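> Heads up: the sequence lines are chains A and B, in that order.
Position one of the first sequence corresponds to residue 1 (our numbering), numbered consecutively onward.
Position one of the second sequence corresponds to residue 1 (our numbering), numbered consecutively onward.
There could be a bad hint or two in this list.
Stated by the list, open to error - With a Cα cut of at most 25 Å, we get these calculated SDA-like pairs of lysine to any residue:
#1 B:52 with B:4
#2 A:73 with A:57
#3 B:29 with A:73
#4 B:93 with A:135
#5 B:4 with A:3
#6 B:124 with A:130
#7 A:131 with B:4
Since the hints were made in silico from the structure, they are not lab data.
Predicted, not measured: the structure shown is a model, and the values here were computed from it.
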Amino acid sequence: MAVRTVKEFAILVNIRLDEMLQHIQSKTNNVASPDTKLSDDEQNRLLHIFLLESAAELSKQQVPEGLLETKAKLELLYQYEKHYLELIKEYKEEIKFAASLQEDLRRERSQFFTQTLREVVQTLQVQEIDKKVASQWIEDLVASYTKSIDLSSDLAKTHVVQVLGIFKEEAKQEVSKAKLDDIGNASTTHGFFKNS
Amino acid sequence: MQTKKEIFATLQVLKQGRAEMVQDFLDHKPDIYAPSFKYEDSPALLNLAREKYFMTWLISHWQLFSHEATFFTDKQKETEAIFATVFLQLLGKWAIIKTDHAGQLNLGIQLIQDMQNTLNEFIKVGDNSDAMRKKFEVEIEKNRVLFEREIKKLSEMEL
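Bound conformation, chain A alone (with noise of 0.2 Å):
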C-alpha cells in the first residue's frame, strides 16, 4: 500500500473526512489533518480498526431473518479478524525477529559483492600475488561465502515458515472452532435438530 493523505485514505475506503478524522484522533491519540501523511501500517490498522468496528456494529443490529445467514457468516469473519489481530500482536515480537534476521542476511549480501569483494581483491593486488593465482583463491572465496550465507538464508526461511505454520494452525483451530460456534447457535435458533 502506498503512502497517502488523510483526504486520499477516505476517499479510497468511503468514509466521509470528518468522520475518519475523528476515528483517526479517537483510535490513536493523534490529531491528524486532511494532509497528513499516512504509512503502510497506520492504513492497515485504520482498516482493521473499521472492519472490526463494522462488523461489531452489524452483530449489535437486529437483523431481518433473511440476512441471518449474512450477519452469522460476517460474525465469523469478525471472529476470524479479532483472533487474527491477536495472533499478530501476539507473535509481533518473532514477526519482527524474522523480518530483522532476512534483512541482516540482504544487507551482508549485499555488502559483501559491492564492497568486501572489492577490498579483498585490492589486498591481492597490492601484495603482488600473481593475477591468475589471485583469481583463483576470489573464485573459492566467492563459493564458500556464497554457500555459507545460503544456508544461512534457508535457516533464516525455515524459521519463517515455523511461525507461519504456527499462525496457519492456530487461525484454522480458530475457524472450526467459531464453526462449531456457529452450528451450535444455528440449531438453537432454528431448532435445527428439534424433529430428529
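We have chain A; now place chain B onto it with these hints.
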C-alpha cells in the same frame, strides 16, 4: 522447533565464519599468501594448498559452534544437536557428507580431518619432489663440470 536464541546463535556462528575468512585475506594470512608465492608455478600444489585452507576454514565452524554451545548451559545437549545438524548441512554444501543427522557428526568431523591430513601429505610429497629435483639438478651440474674438467685434463696431457 529451534528457539529464537538458538537460531540467532547458529546464524551468528556462520556469520563469524564468513567474517574470519574475509579477514584472513585482508590480514595476509600465511596459509593463503605463502602458498600463493611458493606454488605460483605449480598449479597442482596450489590447488592442494587452496583446498587445505578451505577445509581448515570449514572445520573451524565446529570449534565456533562448540564455543557458542557452552553459553546454553540449561540445554547444551539439544543446542549441540542443532549445531551439529547445521554443521553437517554446511559440509553437505561441499559434498563431503550427504546426511545432516546429528548422530553422524563424528563421521563428518573424521572425514574432514582425513581430507586435511591427506592434503598435507600430498603437499609434503610435492615439496619433497621439488627438493629432490633440485638435488638432482645440482648432481647433474656437478657431474657435467667434473666431466669437463677431466676432458680438459686429458687434452692438456695429450698436448
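> Hint by hint, say whether it matches the structure.
So, going through the hints one by one against the coordinates:
no. : hint             : result
1   : B:52 with B:4    : 34 Å, violated
2   : A:73 with A:57   : 14 Å, holds
3   : B:29 with A:73   : 68 Å, violated
4   : B:93 with A:135  : 22 Å, holds
5   : B:4 with A:3     : 32 Å, violated
6   : B:124 with A:130 : 23 Å, holds
7   : A:131 with B:4   : 44 Å, violated
Consistency note: the structure conflicts with the earlier hints numbered 1, 3, 5 and 7.
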